[in-house]
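Turn these sequences into a full structure, and let the hints guide you.
The lines below spell out each chain.
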Amino acid sequence: MKILVVDDERDVEALFRQKFRREIRAGRLEFVFAFSGEEAIEVLGGSGAEIVLILSDINMPGMSGLELLSQLRERRLGHRIYMVTAYGDQSTRETALQLGADDFLTKPLDFEELRGRLEKL
Amino acid sequence: MTTPDAEELSRRLLANERLTALGLLTAGIAHEVKNPLHFIANFAEISSELADELAGALPDPGQELTPETAADLGDILADLRDNLGRIVHHSRRADRIVHAMLDQASGRPSSRRPVDLNLLAEEAVALAYHGLRATEPGMNVSIDKALDPAMGMVEACPSDLTRAVLNLTNNACHATHRRRLAEGGAYAPRVALETRRLPHHAEIRLRDNGPGIPEGLRDSLFEPFRTDKPPGQGTGLGLVIARSVVEQLHGGTLTLERTGSEGTEFLISIPLAAPAERTGA
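In order, the protein sequence lines correspond to chains V and S.
Read in order, the letters of the first sequence are residues -2 to 118 in the numbering used here.
Read in order, the letters of the second sequence are residues 48 to 328 in the numbering used here.
Read the hints as simulated data drawn from the structure, not as lab findings.
C-beta atoms are modelled at their ideal positions from N, C-alpha and C, and glycine is treated no differently.
A few of these clues could be false.
Claimed, not checked - Restraint-style ranges between C-beta atoms, simulated for each label pair:
hint, chain 1, residue 1, chain 2, residue 2, range
1, S, Asp99, V, His76, 32 to 42 Å
2, V, Glu110, S, Pro108, 39 to 49 Å
3, V, Glu109, S, Pro271, 47 to 57 Å
4, S, Asp163, V, Phe108, 51 to 61 Å
5, V, His76, S, Ala62, 45 to 55 Å
6, S, Asp129, V, Lys(-1), 18 to 28 Å
7, S, Val135, V, Ser33, 24 to 34 Å
Stated by the list, open to error - Straight-line alpha carbon distances no greater than 30 Å define the calculated DSS-like cross-link-like pairs of lysine-lysine that follow:
hint, chain 1, residue 1, chain 2, residue 2
8, V, Lys(-1), V, Lys104
9, V, Lys16, S, Lys81
10, S, Lys192, S, Lys81
11, V, Lys16, V, Lys104
12, V, Lys117, V, Lys(-1)
13, V, Lys104, S, Lys81
14, V, Lys16, V, Lys(-1)
15, V, Lys(-1), S, Lys81
16, V, Lys104, S, Lys192
17, V, Lys117, V, Lys16
18, V, Lys104, V, Lys117
Have a look at this one:
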């Protein structure tokens, strides 16, 4: 399963690669990283078809995660999208769901919980 | 009880403004510090697991070290080294953030020294934004940054200049948030920070796509207590203090470049050479 992670913090890549080391080695999960909304759109244009899930941070400089979400929904790309944010407030959650997010995760990410969700997909 | 005189009142109001700003800062710093702290915790945890893997992969005494095992051990060690580097990096980052807060909290004018102006502007904007978000969770503003790679170091009073940029950012975010509450729908609140190094000046521009400053307020913008924010939300001293910091501490200018229905732009311009140097005194 190919997953696109969008976050402006570069160390998120090292984190995911190490947390999901076993799954990656076994070929069960594959991660691709974009460090901005703009980059995410480029990546989706390239190997977009193979990506099954997008995990995107909301607070990013430039194109915010919510803007990325609107753009992706506008293009009807049909990917499953989970928004990730340190701000777990009701208003942000509602906005994200209204804009078409499939789910809403709060930081710090509970990797065990995420692992569980991914297994169910 | 005697009525406080004008000077005493002014002192109290400034102290109040500082406390309000501090409250916002604390919230902002708490959020900013969480990010590096999470990385530190996560990478430390992973490294601990890696150390266990390392122990497990080591051949027993007397057993040969196969090339495969050697390669595995090499990989684990490389990850361990990288993780420790990341932990150090994020610790330093957290330290800078807390330092910035202590500087602001102390209220003491900071001494003039060379500062990385891009970093200062970026951090001031982040502090303001996250502080506001923490106190007004519905606020969701996109922050664009265009920082001049040639900016380098500029002589400035860091905590005071941070305060000025913070105040401008505060106003910008409030403006766009107000517009969003009024318009909703497709309106995307945006605040833009731009820095530029010119031959004799360093510029910091702050733009927002809010509703613009009402005609009636434009002339008295830099006067104390002129605010269109609801009571409790602003002291009306933000711009006054920002201008005072820029003009008096830096010999620079803070100007309203434009404002209208498309938004507002403020410009901070700081001379690169200290006033004494410039006049040759």
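For each hint, the structure was consulted:
1. S:Asp99 with V:His76: 32 to 42 Å: holds, 36 Å
2. V:Glu110 with S:Pro108: 39 to 49 Å: Given about 41 Å between the Cβ atoms, the range holds.
3. V:Glu109 with S:Pro271: 47 to 57 Å: holds, 54 Å
4. S:Asp163 with V:Phe108: 51 to 61 Å: violated, 34 Å
5. V:His76 with S:Ala62: 45 to 55 Å: With a Cβ separation near 52 Å, His76 (chain V) and Ala62 (chain S) satisfy 45 to 55 Å, so the hint holds.
6. S:Asp129 with V:Lys(-1): 18 to 28 Å: For Lys(-1) (chain V) against Asp129 (chain S), whose Cβ atoms are near 24 Å apart, the range 18 to 28 Å holds.
7. S:Val135 with V:Ser33: 24 to 34 Å: Taking Cβ atoms as reference, Val135 (chain S) and Ser33 (chain V) lie about 26 Å apart, which means the hint holds.
8. V:Lys(-1) with V:Lys104: holds, 21 Å
9. V:Lys16 with S:Lys81: holds, 19 Å
10. S:Lys192 with S:Lys81: holds, 22 Å
11. V:Lys16 with V:Lys104: holds, 15 Å
12. V:Lys117 with V:Lys(-1): holds, 14 Å
13. V:Lys104 with S:Lys81: holds, 10 Å
14. V:Lys16 with V:Lys(-1): With Cα atoms ~16 Å apart, Lys16 (chain V) and Lys(-1) (chain V) stay inside 30 Å; holds.
15. V:Lys(-1) with S:Lys81: Given that 30 Å is the threshold and the Cα spacing comes to 29 Å, the pair holds.
16. V:Lys104 with S:Lys192: Roughly 24 Å between the alpha carbons, so the hint for Lys104 (chain V) and Lys192 (chain S) holds.
17. V:Lys117 with V:Lys16: Holds - the C-alpha atoms of Lys16 (chain V) and Lys117 (chain V) are around 18 Å apart, at most 30 Å.
18. V:Lys104 with V:Lys117: holds, 21 Å
The structure fails to meet hint 4 from the earlier list, while all remaining hints are met.
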